[in-house]
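*Asks:* Given the coordinates of chain S, work out where chains R, H, F, P and Z should sit on it, guided by the hints.
Protein chains in written order, with my numbering: chain S, 789 to 925; chain R, 789 to 925; chain H, 789 to 925; chain F, 789 to 925; chain P, 789 to 925; chain Z, 789 to 925.
Honestly, the hints are just simulated from the structure, not real lab data. Don't take every hint at face value.
To be verified - With the Cβ distance kept under 7 Å, some of the chain Z side facing chain H (calculated, not the full set):
#: 1; residue: Asn-799
#: 2; residue: Ala-800
#: 3; residue: Ala-801
#: 4; residue: Asn-823
#: 5; residue: Gly-828
#: 6; residue: Asn-830
#: 7; residue: Asn-842
#: 8; residue: Arg-860
#: 9; residue: His-868
#: 10; residue: Asn-870
#: 11; residue: Leu-873
#: 12; residue: Glu-874
#: 13; residue: Asn-917
#: 14; residue: Asn-918
If you're wondering where the values come from, they're calculated on a predicted model, not measured in any experiment. Ideal placement from N, C-alpha and C gives every residue a C-beta, glycine not left out.
There are 6 protein chains.
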Amino acid sequence: MMYLTRRERFNAAHRLFREDWDDKKNYEVFGKCSNPNWHGHNYVLFVTVKGEINPETGFVINIKTLSEIIKRRIIEKVDHKNLNLEVDFLKGKIVSTENIAQAFWNELETPVRKMGAQLHSVKIVETENNFVEYFGV
Amino acid sequence: MMYLTRRERFNAAHRLFREDWDDKKNYEVFGKCSNPNWHGHNYVLFVTVKGEINPETGFVINIKTLSEIIKRRIIEKVDHKNLNLEVDFLKGKIVSTENIAQAFWNELETPVRKMGAQLHSVKIVETENNFVEYFGV
Amino acid sequence: MMYLTRRERFNAAHRLFREDWDDKKNYEVFGKCSNPNWHGHNYVLFVTVKGEINPETGFVINIKTLSEIIKRRIIEKVDHKNLNLEVDFLKGKIVSTENIAQAFWNELETPVRKMGAQLHSVKIVETENNFVEYFGV
Amino acid sequence: MMYLTRRERFNAAHRLFREDWDDKKNYEVFGKCSNPNWHGHNYVLFVTVKGEINPETGFVINIKTLSEIIKRRIIEKVDHKNLNLEVDFLKGKIVSTENIAQAFWNELETPVRKMGAQLHSVKIVETENNFVEYFGV
Amino acid sequence: MMYLTRRERFNAAHRLFREDWDDKKNYEVFGKCSNPNWHGHNYVLFVTVKGEINPETGFVINIKTLSEIIKRRIIEKVDHKNLNLEVDFLKGKIVSTENIAQAFWNELETPVRKMGAQLHSVKIVETENNFVEYFGV
Amino acid sequence: MMYLTRRERFNAAHRLFREDWDDKKNYEVFGKCSNPNWHGHNYVLFVTVKGEINPETGFVINIKTLSEIIKRRIIEKVDHKNLNLEVDFLKGKIVSTENIAQAFWNELETPVRKMGAQLHSVKIVETENNFVEYFGV
Numbered sequence: 789m790m791y792l793t794r795r796e797r798f799n800a801a802h803r804l805f806r807e808d809w810d811d812k813k814n815y816e817v818f819g820k821c822s823n824p825n826w827h828g829h830n831y832v833l834f835v836t837v838k839g840e841i842n843p844e845t846g847f848v849i850n851i852k853t854l855s856e857i858i859k860r861r862i863i864e865k866v867d868h869k870n871l872n873l874e875v876d877f878l879k880g881k882i883v884s885t886e887n888i889a890q891a892f893w894n895e896l897e898t899p900v901r902k903m904g905a906q907l908h909s910v911k912i913v914e915t916e917n918n919f920v921e922y923f924g925v
Numbered sequence: 789m790m791y792l793t794r795r796e797r798f799n800a801a802h803r804l805f806r807e808d809w810d811d812k813k814n815y816e817v818f819g820k821c822s823n824p825n826w827h828g829h830n831y832v833l834f835v836t837v838k839g840e841i842n843p844e845t846g847f848v849i850n851i852k853t854l855s856e857i858i859k860r861r862i863i864e865k866v867d868h869k870n871l872n873l874e875v876d877f878l879k880g881k882i883v884s885t886e887n888i889a890q891a892f893w894n895e896l897e898t899p900v901r902k903m904g905a906q907l908h909s910v911k912i913v914e915t916e917n918n919f920v921e922y923f924g925v
Numbered sequence: 789m790m791y792l793t794r795r796e797r798f799n800a801a802h803r804l805f806r807e808d809w810d811d812k813k814n815y816e817v818f819g820k821c822s823n824p825n826w827h828g829h830n831y832v833l834f835v836t837v838k839g840e841i842n843p844e845t846g847f848v849i850n851i852k853t854l855s856e857i858i859k860r861r862i863i864e865k866v867d868h869k870n871l872n873l874e875v876d877f878l879k880g881k882i883v884s885t886e887n888i889a890q891a892f893w894n895e896l897e898t899p900v901r902k903m904g905a906q907l908h909s910v911k912i913v914e915t916e917n918n919f920v921e922y923f924g925v
Numbered sequence: 789m790m791y792l793t794r795r796e797r798f799n800a801a802h803r804l805f806r807e808d809w810d811d812k813k814n815y816e817v818f819g820k821c822s823n824p825n826w827h828g829h830n831y832v833l834f835v836t837v838k839g840e841i842n843p844e845t846g847f848v849i850n851i852k853t854l855s856e857i858i859k860r861r862i863i864e865k866v867d868h869k870n871l872n873l874e875v876d877f878l879k880g881k882i883v884s885t886e887n888i889a890q891a892f893w894n895e896l897e898t899p900v901r902k903m904g905a906q907l908h909s910v911k912i913v914e915t916e917n918n919f920v921e922y923f924g925v
Numbered sequence: 789m790m791y792l793t794r795r796e797r798f799n800a801a802h803r804l805f806r807e808d809w810d811d812k813k814n815y816e817v818f819g820k821c822s823n824p825n826w827h828g829h830n831y832v833l834f835v836t837v838k839g840e841i842n843p844e845t846g847f848v849i850n851i852k853t854l855s856e857i858i859k860r861r862i863i864e865k866v867d868h869k870n871l872n873l874e875v876d877f878l879k880g881k882i883v884s885t886e887n888i889a890q891a892f893w894n895e896l897e898t899p900v901r902k903m904g905a906q907l908h909s910v911k912i913v914e915t916e917n918n919f920v921e922y923f924g925v
Numbered sequence: 789m790m791y792l793t794r795r796e797r798f799n800a801a802h803r804l805f806r807e808d809w810d811d812k813k814n815y816e817v818f819g820k821c822s823n824p825n826w827h828g829h830n831y832v833l834f835v836t837v838k839g840e841i842n843p844e845t846g847f848v849i850n851i852k853t854l855s856e857i858i859k860r861r862i863i864e865k866v867d868h869k870n871l872n873l874e875v876d877f878l879k880g881k882i883v884s885t886e887n888i889a890q891a892f893w894n895e896l897e898t899p900v901r902k903m904g905a906q907l908h909s910v911k912i913v914e915t916e917n918n919f920v921e922y923f924g925v
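Looking at chain S on its own, in the form it has when it is part of the complex (with noise of 0.2 Å):
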């Protein structure tokens, strides 16, 4: 069992808020990550895919595909846009960095599957001193 990493990384506006909570209640929860007006970030991914070594091509599977598919599912989705508000995977989710690490392993494990790996692991970096790691279970 081989591991193959590929980071991709996304530009996005986002709000921890609850609609059924007022400003001041989401303020003492999320502090100022509810600021009504938005934040963004640089954030990093890095999606992890595990299985055998194809003897024919040296690969797990092809690095280039991999990113294509991250960049079809996931990055022209979320690249430069509000989380809240356009991105179909998360409406009606609080954006935190854990439930965006779910909803991409969501989007990304049938295509991987489907390239002949597993997906291992869905890893977001949202600030140098923050990231979150998910592997399905």
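*Replies:* Coordinates of chains R, H, F, P and Z only, in the frame set by chain S:
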């Protein structure tokens, strides 16, 4: 003359656009950076000051004081904010990295001089591939 | 299960040596790290916790609370300190990165559990070329 | 069980291709990585070993010894070399990052065990966007 | 005057040597960088231009246009290439980082001026420990 | 004129204080950096030299020779040392980053000139947020 640099960071939303242009024209010039729903960045700011070494302390100026000035004059006003809507000294400007750097320079020049040093440069890193630097002239 | 990581930093002096060995023996085993006049590092600490996503907040735990725990239990005690002389929970230990990681684990496990998560790993980067990671078992 | 990682670096030329394919077929599968005139990388290698902490030294193993093993077994053979032409343990292989990682594992497993630790993983970073990790199974 | 920098990357093979020297002499001067079988690097290129801020756009020049110029004039010609054999503007040169930087400057100066800015510097990072910077004079 | 930079690193202990001040006064001015039990850093040093490109080699100067000079004049004297107690050329100085940079400049200027280049700058990074640069004037 010794050059002393402090790095600070802020996460903010912004949008590149002109109010006197329609969305189509804004998109032609600013591309996806003109998204009306905003996007955002982890901005990294490097402020460089210069001056003689104070023989009593070995410092140009105390870097903690420099950090406090940057935080009070800049970071508190821009971190987790919308640069187009919420920052007094950016009002009415296109919030390109170039204009942000120049505006930061104007905020910092006097307080740095009052500390006994000279502002040398303001550098803003917008993404790992793009940054600007301004020297006040 | 979602994995959430917070990075914190501290700058400290230390020395690798055993009191029951003389300087010559300490130098043979620990090399220049045994310098009796100390040396130091910019240590980087990554603390990873795991848990279910809280559906109310989208968080495993609030990363600010995690940061506060790390600061109160670890950073305030080790930053700008001598690890051999000044840290209660390192007393009597050889302050190798391995032993530091294990001691940090012991300090963090209970307060993380009280927050409703599980401590997953403590990673300490001593230099850009050397780091350790501990998972508690 | 404590996990200890050493980072080493090497700069090498390589080419992805199969001798039994013509240039056109190689280009279809491997793209510009199949350039018959070679290209190259600053490879970064992370070797992680695991073991109990030796109570006499506070070390899993002395990281200098680990570094020496990696240098003697790997770096001296691959640094400033052509991976296709000049490395005994890569002869006849497609020098994909995956195959390189597996070959490095095979070179390192025995000498690490002789030092009293276990090889845990070999990670190779080919570019800032691409890396692989191998755990021996 | 505002300074705007774009980072681009390329992976290439090269060799330091003089045809009029034999292998022994080349090895004396260039060491392992003279390996006749080539080696390679992940080169990182920083191109800095300077100019007045255009009040209509807030830009010195559009950084996407700058990126396209660098890609068309430089990256397409050097990425995944052999710098000694395949790059028209490096023919006959010793492909030291210094000579590469000067050659890149010559390729970029005119197209940057045609965009309405001035080329300020070309910086090439060969390894994390070695880089050069050229200002055209 | 071409500018060539070499990065080197050293890990050292230090303390900011004046012997003619008591601990209270030292703490007021230098804060936790005045800890009598020392603290330390992973210092990163960038030495930039400038000169014409030698047409015979394509080098300003051989970067290995530059590295050797820095190691012999600086790194061997400061790495894994106490900067206050053990470094001849820092004796009697407040070991602020500013004073260290100036002292390193004085150590390097002559040997660089003897190699046929000019010392351009000495940059010392003390933490990821703080650095100084000195140009000799």
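*Asks:* Under 7 Å, Cβ to Cβ, is where Z:Arg-860 needs to be relative to chain H, so tell me if that hint holds or is violated.
*Replies:* This hint is violated: Z:Arg-860 lies away from chain H, its Cβ roughly 16 Å from the closest one there, beyond 7 Å.
*Asks:* Let me know if the C-beta of Z:Asn-799 comes in closer than 7 Å to any C-beta of chain H, holds or violated.
*Replies:* holds, 5 Å
*Asks:* Can Z:Leu-873 be said to touch chain H, with a Cβ gap under 7 Å?
*Replies:* holds, 5 Å
*Asks:* Is the hint on Z:Asn-918 kept, meaning its closest Cβ partner in chain H is under 7 Å away?
*Replies:* violated, 10 Å
*Asks:* Tell me if the interface restraint on Z:Asn-870 is satisfied: Cβ within less than 7 Å of some Cβ in chain H.
*Replies:* Since chain H brings a Cβ to about 4 Å from Z:Asn-870, closer than 7 Å, the hint holds.
*Asks:* Any CB of chain H closer than 7 Å to the CB of Z:Ala-800?
*Replies:* holds, 6 Å
*Asks:* Is the shortest C-beta separation between Z:Glu-874 and chain H less than 7 Å?
*Replies:* With Cβ-Cβ at 6 Å, under 7 Å, it holds.
*Asks:* Next item in the hint list is Z:Asn-830. Is there a CB on chain H closer than 7 Å to its CB?
*Replies:* Cβ of Z:Asn-830 sits 4 Å from chain H, so the hint holds.
*Asks:* Does the CB of Z:Asn-823 sit less than 7 Å away from some CB of chain H?
*Replies:* holds, 5 Å
*Asks:* Interface hint check: Z:Ala-801, Cβ to nearest Cβ on chain H, cutoff 7 Å. Holds or violated?
*Replies:* holds, 4 Å
*Asks:* Would the hint on Z:Gly-828 be counted as holding, given a Cβ-Cβ threshold of 7 Å to chain H?
*Replies:* holds, 1 Å
*Asks:* A closest beta-carbon separation below 7 Å is what the hint needs, so does Z:Asn-842 meet it against chain H?
*Replies:* Not OK, violated: Z:Asn-842 not within 7 Å of chain H, min 32 Å.
Consistency with the previously given hints fails for numbers 7, 8, 13 and 14, ordered from lowest to highest.
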